[in-house]
Amino acid sequence: MRRMTCIAVAAAMAATLLLAGGRPAGAAESINLFGWSEYIPQSVIDDFTKETGIEVNYEMYASNEEMLAKLFSGATKYDLIQPSEYVIEALTKEGKLEKLDVVELPNLKNIGPEFRGLPHDPKLEYSVPYMSGTVGIVVNTEKVKDPVTGYRDVFQEKYKGRIVILDDPLEIVTWALHTEGLPPNAVNKENVEKVKPMIATWLPLVKVYDSDSPKTALLNGDVDLGIVWSGEAALLYNENKKFQYTLPKEGAHRFIDNLAIPKGAPNKTGAHKFINYVLRPEVSVKISKEFPYTNPNVEARKLLTPEERANPASYPPGNPKLDTFRDIGENAVLVDKAITDLKAKSGA
Amino acid sequence: MRQESTAFAATVTGRQRPPGGTGWLLLAPLLVWVVAFVVAPAAIMLVYSFLKRGTLGGVVWEFTLDNYAAVADPTYLTIVIRSMVFATITTLLCLAAGYPVAYLIGRASEERRNLLLMLVMVPFWTSFLIRTYAWVTILKNQGLLNSVLLGLGVIGEPLELLYTRGAVILGLVYTFLPFMILPIYSSVEKLDGALIEAALDLGAGPLRAFARVIVPLTSPGIAAGVLLVFVPALGIYAVNDIMGGGRVDMIGNIIENQFKGNARNWPFGAALGTAMLVAFAFSYWLASRRQRLAEFGR
Numbered sequence: 028m029r030r031m032t033c034i035a036v037a038a039a040m041a042a043t044l045l046l047a048g049g050r051p052a053g054a055a056e057s058i059n060l061f062g063w064s065e066y067i068p069q070s071v072i073d074d075f076t077k078e079t080g081i082e083v084n085y086e087m088y089a090s091n092e093e094m095l096a097k098l099f100s101g102a103t104k105y106d107l108i109q110p111s112e113y114v115i116e117a118l119t120k121e122g123k124l125e126k127l128d129v130v131e132l133p134n135l136k137n138i139g140p141e142f143r144g145l146p147h148d149p150k151l152e153y154s155v156p157y158m159s160g161t162v163g164i165v166v167n168t169e170k171v172k173d174p175v176t177g178y179r180d181v182f183q184e185k186y187k188g189r190i191v192i193l194d195d196p197l198e199i200v201t202w203a204l205h206t207e208g209l210p211p212n213a214v215n216k217e218n219v220e221k222v223k224p225m226i227a228t229w230l231p232l233v234k235v236y237d238s239d240s241p242k243t244a245l246l247n248g249d250v251d252l253g254i255v256w257s258g259e260a261a262l263l264y265n266e267n268k269k270f271q272y273t274l275p276k277e278g279a280h281r282f283i284d285n286l287a288i289p290k291g292a293p294n295k296t297g298a299h300k301f302i303n304y305v306l307r308p309e310v311s312v313k314i315s316k317e318f319p320y321t322n323p324n325v326e327a328r329k330l331l332t333p334e335e336r337a338n339p340a341s342y343p344p345g346n347p348k349l350d351t352f353r354d355i356g357e358n359a360v361l362v363d364k365a366i367t368d369l370k371a372k373s374g375a
Numbered sequence: 295m296r297q298e299s300t301a302f303a304a305t306v307t308g309r310q311r312p313p314g315g316t317g318w319l320l321l322a323p324l325l326v327w328v329v330a331f332v333v334a335p336a337a338i339m340l341v342y343s344f345l346k347r348g349t350l351g352g353v354v355w356e357f358t359l360d361n362y363a364a365v366a367d368p369t370y371l372t373i374v375i376r377s378m379v380f381a382t383i384t385t386l387l388c389l390a391a392g393y394p395v396a397y398l399i400g401r402a403s404e405e406r407r408n409l410l411l412m413l414v415m416v417p418f419w420t421s422f423l424i425r426t427y428a429w430v431t432i433l434k435n436q437g438l439l440n441s442v443l444l445g446l447g448v449i450g451e452p453l454e455l456l457y458t459r460g461a462v463i464l465g466l467v468y469t470f471l472p473f474m475i476l477p478i479y480s481s482v483e484k485l486d487g488a489l490i491e492a493a494l495d496l497g498a499g500p501l502r503a504f505a506r507v508i509v510p511l512t513s514p515g516i517a518a519g520v521l522l523v524f525v526p527a528l529g530i531y532a533v534n535d536i537m538g539g540g541r542v543d544m545i546g547n548i549i550e551n552q553f554k555g556n557a558r559n560w561p562f563g564a565a566l567g568t569a570m571l572v573a574f575a576f577s578y579w580l581a582s583r584r585q586r587l588a589e590f591g592r
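Going line by line, the protein sequences match chains A and B.
According to the numbering used here, the first sequence is numbered sequentially starting from 28.
According to the numbering used here, the second sequence is numbered sequentially starting from 295.
Source of the hints: derived by calculation from the structure; they are not laboratory data.
It is possible that part of the hints are untrue.
As the list claims (entries may be wrong) - Derived pair list, reagent style BS3-like, types lysine-lysine, alpha-carbon separation capped at 27 angstroms: (1) A:K329 to A:K313; (2) A:K120 to B:K346; (3) A:K295 to A:K276; (4) B:K484 to A:K104; (5) A:K172 to A:K290; (6) A:K290 to B:K346; (7) A:K372 to A:K221; (8) A:K187 to A:K77; (9) A:K364 to B:K346; (10) A:K313 to A:K185; (11) B:K484 to A:K216; (12) A:K126 to A:K187; (13) B:K484 to A:K97; (14) A:K372 to A:K77; (15) A:K290 to A:K268; (16) A:K372 to A:K187; (17) A:K329 to A:K223.
Said to hold, decoys possible - Derived contacts from chain B toward chain A, CB cut-off under 8 angstroms, selection only: (18) G351; (19) V353; (20) P510; (21) N556.
We put the beta carbon where it would ideally sit given N, CA and C, even for glycine.
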């Protein structure tokens, strides 16, 4: 899923090299796109080039932090990046993003109201939601018969050695904050200390930590339940309906991956054209079909088949309690340390 | 025992003639390579380890010793020790499995030797990550191995193979075995058969001949193999993530997380890296010093 496996990156890189070799050398207009791996269908990029004549140099990353590192190394001047919501907030704070020219983005109207007015970019001045998703519970209902509706239900002694979770310290801490009834974005020393004992009881039950492809362990039958990205759960559901996705009743993380233009981008016009192109319903729906996350483009959603719209991992029913992440600054260090400590103890 | 000590003598004693003008010219590409890809990165790492964390990754140019204070934490000590235990087990298993193979290849006839050597190197034609994922398909719950064992009726329930410590060790041994075989092979190849015969003629049993003649004569290969396996095995984290389920962190995971994880704490990652480098260089220096003393004392 979103941080996908390195194999696919390697394969994609090899493919890019081959393509690059076959391309006629010319001074055609181009944009440098730096996006998540396994997130933008090649057909969308090809069609954009066909229509506009703008070449897209597509580079991929596997984590927001990797993207930041390469962005600020300055080796390549990127025109478009694809950060998650809390990274948009951090980048904006530091003045590292270009303000978007709304006039050039008429298709921005397709973005649904629930993706507007969010704290990371309340007026969508610096970022446009590309795809969204949640972090929730997926259960192999053939193996797990009891209802699993919240974090506490997952982390039970009887599921020891049958659980996969994201290898992501901040995610784990926010699950515990939700469970304790604390606000998920109140990540500070006091609260982290408060939830540590609970996490200490959780981690020894976990069999696999995987942020790249948590579906693999579930699909292979090595684990029976887990807390994963919704896109992964949607793909599992498409594979076999026995994989059911639920959003934890205590509350869950809604992540939003966005398109944004870094400060000093050489081809801002081209970047705007690409954003506007992707916002077209008929283009956006192609992305949804390949990567079944929650599409923030409401017009594109209408073009999905009823079956695709009924996938509970892509479009969770009901009115779940969802929060986006905020930039937690320095506190990220203590989150990382807390989980490292607890993991070191649990794995002993 | 002249032959035995040559490999170490080349690095630890000053008995060689210093290189002349042509010598330096021939050395230049290697020196450039070493400076660009070993010295410079290590220097950057050292400098970064004394700076402060930047909010969006990177560093802020303010001097601090906090990163080293954070390194001296019992958790990291536990993790380093665990990584060393894994690396040691891997090295010993590679030695046990690799020595006989290297010996057989080294003593085989020339055409068979080339074929066998090629077989050792064939895995390198495929990406290391792809080979590691291949192990997942073999070891997983409904994987190749479990299916075969179930089909043969050897077991009634699938064995828990993947995401265990055993799986991590298996993955590490598999990854590093060629690095043990190749240097030992090159020592075995140079082995003088007459010396072994002499040992046997003079009344040494096969075991004694092996322990007193063959092992000492191939010890440069063993030393090189041990280094080539132990050092990378200590730092590698991909095998642990893919085959171990990332359940226990190795020191490599911790360092990686400082750059590619939530914390974005480059200076701390650099301090951990520097500490590992210093610890390793120091133990290497101790080991080679002891070796030198042992030789002089002989």
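Against the structure, the hints come out as follows:
1. For the given pair, K329 (chain A) sits about 12 angstroms from K313 (chain A) by alpha-carbon distance, which is consistent with the 27 angstroms threshold.
2. Of the pairs offered as hints, the one joining K120 (chain A) and K346 (chain B) holds, with about 19 angstroms between alpha carbons and a cut-off of 27 angstroms not exceeded.
3. A hinted pair counts as satisfied when its Cα atoms are at most 27 angstroms apart, and K295 (chain A) with K276 (chain A) does not qualify at roughly 42 angstroms.
4. A C-alpha spacing of about 54 angstroms is found between K484 (chain B) and K104 (chain A), which places the hinted pair above 27 angstroms, so the restraint is violated.
5. Proximity of K172 (chain A) to K290 (chain A) is assessed by CA-CA distance (about 52 angstroms); at most 27 angstroms being required, the pair is judged violated.
6. For a cut-off of 27 angstroms, the pair hint linking K290 (chain A) to K346 (chain B) stands: about 24 angstroms separates their Cα positions.
7. With a CA separation close to 17 angstroms, the supplied pair K372 (chain A) and K221 (chain A) stays within the 27 angstroms bound.
8. The hinted pair formed by K187 (chain A) and K77 (chain A) fails the criterion: a straight-line CA distance of about 52 angstroms is larger than 27 angstroms.
9. Pair hint K364 (chain A) plus K346 (chain B) holds up; C-alpha atoms about 17 angstroms apart against a cutoff of 27 angstroms.
10. A distance of roughly 41 angstroms separates the Cα atoms of K313 (chain A) and K185 (chain A); the hinted pair therefore is violated under the 27 angstroms criterion.
11. Restraint check: the Cα-Cα separation between K484 (chain B) and K216 (chain A) comes to about 62 angstroms, which exceeds 27 angstroms; the hinted pair is violated.
12. Between K126 (chain A) and K187 (chain A) the CA atoms are separated by roughly 49 angstroms; this puts the pair beyond 27 angstroms, and the hint is violated.
13. Distance restraint check for K484 (chain B) and K97 (chain A): the Cα-Cα separation of roughly 48 angstroms exceeds the 27 angstroms cut-off, and the hinted pair is therefore not satisfied.
14. In summary, the hint linking K372 (chain A) to K77 (chain A) is not supported, as the alpha carbons are separated by about 55 angstroms, beyond the 27 angstroms threshold.
15. A hinted pair counts as satisfied when its Cα atoms are at most 27 angstroms apart, and K290 (chain A) with K268 (chain A) does not qualify at roughly 45 angstroms.
16. The hinted pair formed by K372 (chain A) and K187 (chain A) meets the criterion: a straight-line CA distance of about 16 angstroms does not exceed 27 angstroms.
17. Taking the CA atoms of K329 (chain A) and K223 (chain A), the gap is near 44 angstroms; set against the 27 angstroms cutoff, the hint is violated.
18. Interface restraint check: G351 (chain B) against chain A, minimum CB-CB distance 5 angstroms, threshold 8 angstroms, status holds.
19. For the restraint placing V353 (chain B) at the interface with chain A, the shortest Cβ-Cβ distance is roughly 11 angstroms, beyond the 8 angstroms limit, so the hint is violated.
20. Because the smallest distance between the Cβ of P510 (chain B) and any Cβ of chain A comes to about 40 angstroms, over 8 angstroms, the interface hint for this residue is violated.
21. This hint holds: N556 (chain B) has a C-beta 5 angstroms from the nearest C-beta of chain A, less than the 8 angstroms allowed.
Of the numbered hints given earlier, the model fails hints 3, 4, 5, 8, 10, 11, 12, 13, 14, 15, 17, 19 and 20; all others are met.
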